[in-house]
Amino acid sequence: MKQLDFEALKHSPSFKPLTVLNEQGDVVNEDMMPDLSDEQLTELYKQMLWSRIINDRATKLNRQGRLGFFAPTAGEEASQMGSNFAMDKEDFLLGGYRDVPQLVKHGLPLAKAFMWSKGMVNGNKYPADLAAVPPQIIIGAQYVQTAGVALGLKKKGAKQLAYTYTGDGGTSQGDFYEGMNFAGSFKAPALFFVQDNLYAISVPAKVQTAAHDFADKAVAVGIPSIIVDGMDALAVYEASSQAREYIVAGNGPVMIETLTYRYGPHTLSGDDPKRYRTKEEEDAWHQKDPVVRMKNFLTKKGLWSEDKDKAYTEEVDKEIDDAMKEVESQPAESVAEYLKDEYEVTPPAIQHELDRLNSKEGK
Amino acid sequence: MAKLTMIKAITAAMDEELARDEKVQIFGEDVGKNGGVFRATDGLQAKYGEDRVFDTPLAESGIMGLANGLALTGFRPVPEIQFMGFIYEAFDQIAGQMARYRFRMGGTREFPITLRTPYGGGVHTPELHSDSLEGLVAQIPGLRVVTPSGPYDAKGLLISAIRSNDPVVYLEHMKLYRSMREEVPDEAYTVPLDKAEVKQEGSDVTIISYAYMLQASLQAAKDLEKQGIHAEVLDLRTLAPLDEDTILQSVKKTGRVVIVQEAQKQAGVANQVSRLIGEEGILYLDAPIKVVAAPDTPYPFSQGEDPWLPNKETIEQAVKDTVNF
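Line by line, the protein sequences give chains E and L. The first sequence stops at residue 1448 when you use my numbering, and every number in between is there. The second sequence stops at residue 685 when you use my numbering, and every number in between is there.
For reference, chain L alone in the conformation it holds in the complex (with noise of 0.2 Å):
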């Protein structure tokens, strides 16, 4: 066991998985010898070989094209995306080609590839790299749409998308990287896939989040404890198909929900929580949803971070309404 950060978690996790499994093939822009921009892949190629992890060419279509064609001829993919801005380059490959496959071929042919992207702000990044865009994949029939929220589950959930028969995306927020430290036990093990938590229990209102915003809706949760208001926090952590079971009993409990995340708010998966409560939940509410995103606008300038990314404040003042609703 070992503190350690997201990335390096996320490290461990392909490096278990590639010990396990021969089929297992990393590849992507910088992934080899650079070890990836972020050092997610750092020391892989050295350790496995060129032909377990490698670079590609330039260009997203082809890199999906090539797990595809990977998946087909038996290898279990594990492709890179460098950033998440960049899959409208591969969307074909993804939703048009990846997603169907099984289904396209009457379930005769398995697509076990695992597709992982760095997204999300708070790290002024350029243009078209933090862009949340979990909710383009999420309204995927035949995907798995999966985002930890900090190192524990990265490596969990890493392990099981990856053995997973199943393609997966798997989605890295860039701020969760390094940002904080969690015990990770040395070890394989996995996360369950289409399984949310909660992460911390409370009475009074369920907030339902993921990723960074996870983290943001847990100091709220704290502050907000102090001021004896009590907040169940869940951790979507599969963001598609969701966990239906997890966010109606919670909701029956609370009777209250807010629904933080950090994409627009015409974006991600928000809307989806919420059609999901107001079809199965409506009469366990003793408040409307209230969602808490970004504004509708395009990604903003890193500058314009601060003001246009939700944060722990926003996240306090909408459980503060819908518990004084």
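This is chain E alone, in the form it adopts within the complex (with noise of 0.2 Å):
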């Protein structure tokens, strides 16, 4: 009988990353260029150069005290500020808890954002023409909501769409499969990003699965799906634009896995990558820091400078102390109010505790 040789059965499609720009700032891939001007070019830039000040900021007001649960997003600029940069500020965002700097991006203020961290229900609230929810903490849970509102956008007949990100850990969810197969199945408008920083705390990608790389996952479900070199921005962004002019056609859902690095740990509680990283490993990435490799980029072009970033830099930090000042104005966490926030008409078995509460709050 003849044997099935099950090793050549193996699926290892190996996309090569798609780059735009090599690691000094030049364009290596003119068919890939985007079509952006000046302007937008200098604006992704000055984005990218905003989230890595939040990152460091954020991390210091960490350290005081002053903030609450942050996740790094040092590294990842690229990642996540081009592919937002590629979207349409009524598509609908479903980010993790990193993904706070696309959320900014898309519309929420700062203040909120840092409420959302020190946890304060101030920060949630969402005005009503924001096409967002608050960072998603269940791992996976994103994904699966995504394809809901991707549909529901269909339905309406939007020319929009919804998208949403994990991590490399997050794709051994079984939420991240589901959300992808019911909004293959439905055709729906949603881009699924897989950023991909190589480890999810601790564990290293290849733990995570035997997939020769992430977006294989897409063919089980039977969407397109592309690698990208995820420290560069061009890249991102155009794989990006691309996906998304491709969704909002009617043709369905996209994958994109972003091939990035975090500079920092997992999140500022407690976690030390000393622990499972290399020093080796955190040089070689830094060589490929993509506000670096952006910045090179324009500067080579006679679009930016050192004192261009100085200049952005004290603008940043001057947001960030109008929102932290903000923040430190906001009314204390009132159990009242969570009562009347929790139903839409209050039960009266609810409506009994309020009442509880406040004759012992009027004594």
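Hints in this document: simulated from the structure, not taken from any laboratory. Hints are supplied without guarantee of correctness; some may be wrong.
[To be verified] Keeping only pairs whose Cα atoms sit at most 27 Å apart, straight-line, the calculated DSS-like set for lysine-lysine is:
id, chain 1, residue 1, chain 2, residue 2
1, L, K383, E, K1240
2, L, K383, E, K1174
3, L, K407, E, K1241
4, E, K1210, L, K383
[Said to hold, decoys possible] Computed footprint of chain L on chain E, listed as stretches where at least three residues anywhere in the stretch have a Cβ under 8 Å from a Cβ of chain L:
id, segment
5, 1201-1209
6, 1231-1245
7, 1258-1265
8, 1364-1375
Values in this document were obtained by computation on a predicted structure and should not be read as measured data. We put the beta carbon where it would ideally sit given N, CA and C, even for glycine.
Using the hints, put the two standalone chains together into the complex.
Spelled out as structure tokens, the structure:
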């Protein structure tokens, strides 16, 4: 009897990552160079620098006890801002807990993002026209909800999409598969980002799966996927932009894997990357710094300078100070407010709780 | 007005709401062309189209994620989980997401979702179809848990649930689907959420129950009446949050209470009712609170349902024990 060759039956499409800029900031792939004006290119860089400054200041504010939960984003500026830059204001963003920069650039006031970090309900009170939900803590949950939001947009005939992010570890969740599979089945306008930063806390990506690439997982649901150099903002932007166009034209969802790295710990809640990463590895990734790469590109084009960096940094510092002032003048959290927020029509049992609380406070 | 089974009353409620509000979306496994495994959605896709009533892939978390996402884009989703035993698959989307979305967004978004799911024993289903898991969902702040005990309430409560801008878990006891008929108005009407109802007035003891056990309690009460015991029978209808006032009023009147549920003793909502009476109504009591519930084992093999499930006889015995305490 003929033996089946199971090794040969393994899928290993091994996509080559899409790159536009090399590490020195030179365009190495003219064919994929985004059609962006000088102003737009500068704005994209400013968003990346903004995100880096926020990351550094938020880390300090966390250490001082002035902010709470924070998942560092340094190293992921190209992946986060490059993708978000390609989206429309009315596209619906469902981010994970590390995807706060996209949320702010999508329209959430910075002060509210900081309130979210501190754990204040006002941080999650979103204006009616903000097409987004607060950062999702349950890894994978945003993926199944994205399928629902995308189907809703499709049913309304909107020319918008829903976009979402998870990490490499998140690709192991059931909801990751279900979300993409539902969106594929309903041909819903959804864009799924996998930001592969090589680690889920301490667990390296290769422990998550035997798949050659996370992008291979799109094969299981029958949707297209692409791998992008996640340290290259122009590559991420162009892939996202083209994916968006394809999706809103009614062709169904796309998955994009961005190869990136976080320079900091998983979160500031006690994780120490020295336990599981080498200095050599970190140094190698610092050579690929997405912010530096984009800055070199703009500087060579005569669009940016060290002075502009300095002036912009001061501007963002002021933005952060103003936001913190707003955060620190918020009223204390109130259980009465919580009880009132819980239901639109407050059930009598909850009303009794509220009455008891109010009479206690009245004493 | 026509005499309808509960399943027909449920279909009628969805029919009314699909016609009334174009935002209503019904979806789940086999609810479309097939009309549902119990025919609950029979004919609805043909009448309202595949855009309003549609099948989904076989994945409960995906179904509830779909519901949450549709709610975020302004729809009024009425998803179905084929059997309640399968909600474990969707528990994050129910408990971790749907229940708390309004709260976590400080009341700035609405989640008008009605999750329908069948449960309940006595019809010899295979494993994990009949489990009474209402206690799990009743423990989740932000939800309403509703279960009707007959056709009239089923239609009115389902219409109320669908119209509510807060999420409702609506539980349909399988043994009630076709075991009885009641007069059900042809037009739309509502039965209020958050309200228990005295189904039978009495003075000696209050039997508090819901769903199929409510019917068993009414039968027990009829027998007890012949023996001179006048039981008041209270249908909780909304299991969470509880209608505290109606429960306490009845207990105050009778001074004795038997709480009857099909779920195991450690599950269900009897313990919550008991806690309420212990806290707020202990001085009304002439006898200890009695709970009739199933044994604390996993749901039985189907041939073991008869000895395992509470029934009219166990209810009667509990009432007599309480009255004669």
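Handout entry: Given hint K1240(E) paired with K383(L) - CA-CA distance at most 27 Å
Key = Between K383(L) and K1240(E) the Cα gap is close to 10 Å, so the pair holds against 27 Å.
Handout entry: Proximity test - 8 Å, beta-carbon atoms, the segment 1201-1209 of chain E to chain L, at least three hits
Key = holds (count 3)
Exercise for the section: Can you take a look at whether the segment 1364-1375 of chain E is actually covered by chain L? Rule is 3+ residues, C-beta closer than 8 Å. Expected result: With 0 residues close enough to chain L, the hint is violated.
Practice task
For the pair we were handed, K383(L) and K1174(E), check the Cα-Cα distance against 27 Å.
Solution key: Since the Cα atoms of K383(L) and K1174(E) sit roughly 24 Å apart, the hinted pair holds (cutoff 27 Å).
Problem - Coverage of the segment 1231-1245 of chain E by chain L, judged on three or more residues with CB within 8 Å - result: Held - the segment 1231-1245 of chain E has 10 residues with a Cβ nearer than 8 Å to chain L, which meets the minimum of three.
Handout entry: Given hint K1241(E) paired with K407(L) - CA-CA distance at most 27 Å
Key = Holds, at roughly 20 Å.
Handout entry: Claimed coverage, the segment 1258-1265 of chain E by chain L - three or more beta carbons nearer than 8 Å
Key = It holds: at least three residues are needed, and the segment 1258-1265 of chain E offers 4 whose Cβ sits within less than 8 Å of chain L.
Exercise for the section: Quickly compare the C-alpha distance for K1210(E) and K383(L) to 27 Å and report which way the hint goes. Expected result: 24 Å, holds
Hint compliance for this structure: hint 8 is the single one not met.
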